[in-house]
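Protein chains: 2
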Amino acid sequence: MKEKAVIIGGGLSGSLLAICLAKRGLEVELYERRSDMRTTIAEGGRSINLALSTRGIEALKKVGLADQVLNDAIPMTGRQMHSKIGELTNQPYGTDGQYINSVSRAGLNLKLVQLAGEYPNVKMFFNCKCTDANLKNNSATIITSDGAEIQVSGDIMFGTDGAFSAIRSEMQKTNRFNYSQTYENYGYKELEIVPGKNGSFQIDQNALHIWPRGEFMMIALPNLEGSFTCTLFLGYEGAQSFANLKDEASILEFFNTYFADAVPMMPNLVKDFMENPIGNLVTVRCNPWVINRFALVGDAAHAIIPFYGQGMNCSFEDVKDLDDLIEQHYPNWDVILDEYQKARIVNANAIADLACKNFVEMRDLVGRPEFMKFKHVEHELCDLYPEHFQSQYELVTFNTTPYSYAQSQGGKNEALIYSLIEQGLDTDLENRDIIIPLIQKYKQ
Amino acid sequence: MKEKAVIIGGGLSGSLLAICLAKRGLEVELYERRSDMRTTIAEGGRSINLALSTRGIEALKKVGLADQVLNDAIPMTGRQMHSKIGELTNQPYGTDGQYINSVSRAGLNLKLVQLAGEYPNVKMFFNCKCTDANLKNNSATIITSDGAEIQVSGDIMFGTDGAFSAIRSEMQKTNRFNYSQTYENYGYKELEIVPGKNGSFQIDQNALHIWPRGEFMMIALPNLEGSFTCTLFLGYEGAQSFANLKDEASILEFFNTYFADAVPMMPNLVKDFMENPIGNLVTVRCNPWVINRFALVGDAAHAIIPFYGQGMNCSFEDVKDLDDLIEQHYPNWDVILDEYQKARIVNANAIADLACKNFVEMRDLVGRPEFMKFKHVEHELCDLYPEHFQSQYELVTFNTTPYSYAQSQGGKNEALIYSLIEQGLDTDLENRDIIIPLIQKYKQ
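Residue numbers (numbering that gives the first Met the number 0), protein chains in the order written: chain A, 0 to 443; chain B, 0 to 443.
A couple of the hints might just be wrong.
For each label pair, taking beta carbons as the anchor points, the in silico distance ranges come out as [as the list claims (entries may be wrong)]:
#, chain 1, residue 1, chain 2, residue 2, range
1, B, 35, A, 174, 53 to 59 Å
2, A, 88, B, 174, 47 to 53 Å
3, A, 174, B, 83, 28 to 34 Å
4, B, 356, A, 249, 55 to 61 Å
5, B, 420, A, 326, 52 to 58 Å
6, A, 273, B, 143, 34 to 40 Å
7, B, 148, A, 37, 56 to 62 Å
8, A, 273, B, 35, 38 to 44 Å
9, A, 85, B, 174, 54 to 60 Å
10, B, 147, A, 34, 37 to 43 Å
11, B, 174, A, 39, 45 to 51 Å
12, A, 104, B, 147, 44 to 50 Å
So these bits of chain B aren't anywhere near chain A, every CB distance computed over 10 Å [to be verified]:
#, residue
13, 73
14, 79
15, 80
16, 146
17, 150
18, 175
19, 182
20, 213
21, 240
22, 267
23, 281
24, 378
25, 379
26, 421
The set of hints was computed from the structure by calculation and includes no laboratory data.
Quick reminder that beta carbons are idealized off the backbone N, C-alpha and C, glycines included.
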C-alpha cells in the first residue's frame, strides 16, 4: 500500500511540495483555505510580484517548471535608486549581467497548482480551513467548504499553512517548543505605477527601484503588462507615518515631497492608498520544525521580512532539500525529517537575520555616499577576483551555498572592504599581489 | 460606584496585587486555578524555596508584610561552592554582611492569600480555571469548581496567571503582538538534603550552595526545619544527562562521582530522583503587556530562568511600580497602564538576559580560578570604594535601580576589572589615586 501524505496549505510551498511527493509516488492530499485559483479570479486583483532567484529556480527545475516560470518573468539586473529630486543611481546585483526575476505571485502559484493537479495521485481540496491538529495521531481538523468538520490523516503530515500556521500553533502547545514572532514598527502598503503608452514601462523595466528615505522607503518591481507594483514601507507612528496619512491632502503632500518623480505615474495613488490595507512585517522563528510525523515547511516554519527577496526562495529550498532527503532515505521518515530540520533551521535563522539587516540597507544606506563607495569596492572585487571573492548578495542570491555560510562570509567581507578603504587601497584594487593575500586573510 | 478589578491567577503576583488594589479601595475579584491553600495541604508536599531580596522586600513593605515574611526566612550571605572532592570556597554576595533570604514559596503565598482575604473588598474564587479572554469587552471565561463556564468582567483586568498565561495566549492572537518562548536545553529536578540531628543544618545554613560542574550543577537553599532543597540542573540529552539517569545504579554512580559530599545527606536521593518530575527552564518575553484594559503582571509577562534569583523579585517589583502609578494617576488607567509597560518591559528583558548569563556563571565560571580572581577584585572594589563602585550583583539584588541600568553597568564593570587585572593593578587596589580615576573612566 502506498503511503499517504497530507499537506495543509496550498500556497507556493504546499503546491510545490505536492508535486515533489507525487513524483515520488506518494498519495497526496492537499487542503487549502482559499478557493481554487484555477477556476476563480484572484482575490483583490492587485498584482503582487516576488523576486525569484537561484535557490527558487533550482527547486522549480526539479519539477520541470523553471523554464515556464522564467518565460513569464522580468529580469532585474540591479537596484535603481531614486533620490528626492529624481536623480537616478544604479547598483548592479552581480557581475556578468546576473539578475533576479520579477514574477507574479498569483501566476506562479497557479502554475504550481495546475501541475499538481495533473498528477492522478494528488487530490486537492479548496475552501478547506485547518483549525486544529492532533500531533500524536497524525491527524488534522478541517472545516470544509460546506461547513462540515472532518478529520484528515496521513502517514506523514506537512504544515505549509503560512506565517500564521494552525499546525505550528498546535506545536506551540507542546513541551519545550521554542517560538518567536517579532513585528517591525513598520507597515507596508501596495500601490501602482501604471503602464505608459501601449503597455510600455515608464521607468527602467530591468531594475528593482528604490526610493530610500532613511526612515522609510518605497520600492517598485516590474510586471509583464508594463506596470510596476510599488510598496511603501513606513512607520505606524511618528512624524512621517501611516498615522499621519489619513486624507487626500496629507497623502499627496507626502508623496509630492518624497516621491515626486513617481507621483505622475501613479494616477490611482490616493484611491489605492485609502483602500489598500496596511500589511505587517513579521519574523517568525521556531524550533523544532518536526514533531512526530508533522513537519513545517516554508513560511509556517520561518516567516521572514521581504528585504532580501528570499522568502519564497528559502521556502522553495526547504522543499528541494526535503525532496533530496526523501530521495536518499525514503521510507525512513525519522531520518528524513530529522536531517531536514537540522539542515534548514540554522539557515532559516540566518536569512531572517540578513533580511532584517537589509531593511536598513535599502531604506537608508543605499542613498549614502560612503555606502555607495563600499558597494563599488565590493563590486570591483567580485569583478576582478571572481575565483577569490564573492559578495554576500551573490552568495545569497546567485548560489545555493547555505545561508549561514553567506551570513558569516558577509561579515568577513565587510571587515575586508572597510580595511581596504581605510588603507586607501580602494584605488589600487587591480594590484593582485596586494589584494589577493588580503582577501585570503579576511576569509579565515 | 467603585471600580472593579478582576485578577486572573492567585499566585505570588496575583495575591500581592489583590492586596494593593484592595488598599486603594477597588472591588477585587481574584480567580485561581488551584485550591485554596488556606484550607488544603500544598500539592506534592515538597518544599520549594525562593531567594527574596531588596526589590521583593520593598514591595512587601507596601502591604506591611515584609517583617512577617523575613521572620520566617533564612539569610544567605553568599555562595558556597563545593568542589568535586568536597573542598569549600565562599563568595560573599555583598559587603557588610548583605544577604538574600531563603523563603518558602508556599509559605509566602499563603501569607499573601491570608492577608488578601482579610479585605472585605477582595473576593477570591479557587479551583477556577481561566480558559479564554475577550480583550475587547473586558471579560474572561472561567470554568468554576463545579464545572460551570462563566464570564467574569471588570473595569480593569489583570493576567497574573503565570508563564503559561491564558490571558497572554489571547493577546498573542492580536495584531502585532511580539512574543517569544525560549527553552534551555536543560531540565531541573528537585531533591533534598535532610536535617541533621535535632533539626540541625548539615551544611552552612547561611549560604546558597553550589556544586558547579561545568556543563551542569546542583544548588541547595536552606529551609527553616534544617533541610535544604536541592535542585539539579542537567541537560536532557548527552553524556551526562537526564536521558542517561534512568535507574538506581546510574543515578548513584552519577551522584557519587560528581556530588560525593552531598550523597550521605540525601537518603531519599534515588526515590526522589525517580519520582520527582523534570522541570523545564523557559524564558518568555512579550510586548505589549497591555491591550485595552487587560494588563499582564509577573511571570505571565516575563517568565525568566531562576539563575539570578530574581523571578519573584521582578514580579513583585511589577506590582509595586504599578501600585505607585495607581497612586499617582488613578483613575486614569490609560496613563497608568501605558507608563507601567513602558517602565517594566525594558527591565524585564534586562533581567531575563542577566539570568541567562548567570546560568553559565553558576554552573561553570564559579569553579574556575580566573573567575575567582575576577570576583575577588570586584569584591575589593565594592569594599574599598563603596561610593564609586557597585557590582552588578549588588545593583540587581540589594538595590531598586532599574535592571536595565544594572545590565549596562555590569558590562562596564567587567571591562574595568579585566583591565585592572591585565595591567597588574589587582595587587594595588588600595591606591586611590590610580583606581578612582579608572573607575570613573569606565563608568562613562
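Hint by hint, here is what the structure shows:
1. The hinted range of 53 to 59 Å is not satisfied by residue 35 (chain B) and residue 174 (chain A), whose Cβ atoms lie roughly 29 Å apart.
2. Separation of residue 88 (chain A) from residue 174 (chain B) is about 37 Å and departs from the stated range, judged on CB atoms against 47 to 53 Å.
3. Our hint of 28 to 34 Å for residue 174 (chain A) and residue 83 (chain B) holds, since their Cβ atoms are close to 32 Å apart.
4. Distance hint check for residue 356 (chain B) and residue 249 (chain A): the Cβ-Cβ separation is about 47 Å, which falls outside the suggested range of 55 to 61 Å.
5. Between residue 420 (chain B) and residue 326 (chain A) the C-beta distance comes to about 56 Å, which sits within the given range of 52 to 58 Å.
6. At about 48 Å, the beta-carbon gap between residue 273 (chain A) and residue 143 (chain B) misses the expected band of 34 to 40 Å.
7. Separation of residue 148 (chain B) from residue 37 (chain A) is about 44 Å and departs from the stated range, judged on CB atoms against 56 to 62 Å.
8. At about 56 Å, the CB distance of residue 273 (chain A) to residue 35 (chain B) disagrees with the hint of 38 to 44 Å.
9. Judged by the Cβ atoms, the range 54 to 60 Å given for residue 85 (chain A) and residue 174 (chain B) is violated: they are separated by roughly 36 Å.
10. Remark: the range hint 37 to 43 Å for residue 147 (chain B) to residue 34 (chain A) is upheld by a beta-carbon distance near 41 Å.
11. Distance hint check for residue 174 (chain B) and residue 39 (chain A): the Cβ-Cβ separation is about 27 Å, which falls outside the suggested range of 45 to 51 Å.
12. As the Cβ distance of residue 104 (chain A) to residue 147 (chain B) is approximately 49 Å, the hint placing it in 44 to 50 Å holds.
13. Under the 10 Å C-beta cut-off, the non-interface status given to residue 73 (chain B) relative to chain A holds; the minimum distance is some 33 Å.
14. With a least beta-carbon separation of about 32 Å from chain A, residue 79 (chain B) lies farther than 10 Å from that chain, consistent with its non-interface assignment.
15. Under the 10 Å C-beta cut-off, the non-interface status given to residue 80 (chain B) relative to chain A holds; the minimum distance is some 29 Å.
16. Residue-level check passed: residue 146 (chain B) sits 22 Å from the nearest beta carbon of chain A, beyond 10 Å.
17. In this structure residue 150 (chain B) is separated from chain A by more than 10 Å, as the shortest Cβ-Cβ distance comes to about 23 Å.
18. The beta carbon of residue 175 (chain B) is not kept farther than 10 Å from every beta carbon of chain A, the shortest such distance being approximately 4 Å.
19. Distance check on residue 182 (chain B): its Cβ comes as close as 4 Å (rounded) to a Cβ of chain A, failing to clear the 10 Å threshold; non-interface status is violated.
20. Once the 10 Å rule is applied to beta carbons, residue 213 (chain B) is consistent with being away from chain A; the minimum gap is 23 Å.
21. Non-interface call for residue 240 (chain B) relative to chain A: holds, since the shortest CB-CB distance, roughly 14 Å, exceeds 10 Å.
22. Every Cβ of chain A is farther than 10 Å from the Cβ of residue 267 (chain B); the closest lies at roughly 26 Å, confirming the non-interface assignment.
23. The beta carbon of residue 281 (chain B) sits about 8 Å from the closest Cβ of chain A, which is not more than 10 Å, so the claim that it is off the interface is violated.
24. With a least CB separation of 37 Å from chain A, residue 378 (chain B) remains clear of the 10 Å interface cut-off, as annotated.
25. For residue 379 (chain B), the shortest C-beta to C-beta distance to chain A comes to about 38 Å, beyond the 10 Å cut-off, and the non-interface label holds.
26. No beta-carbon of chain A comes within 10 Å of the beta-carbon of residue 421 (chain B); the shortest separation is about 25 Å.
Going through the hint list in order, the structure does not satisfy hints 1, 2, 4, 6, 7, 8, 9, 11, 18, 19 and 23.
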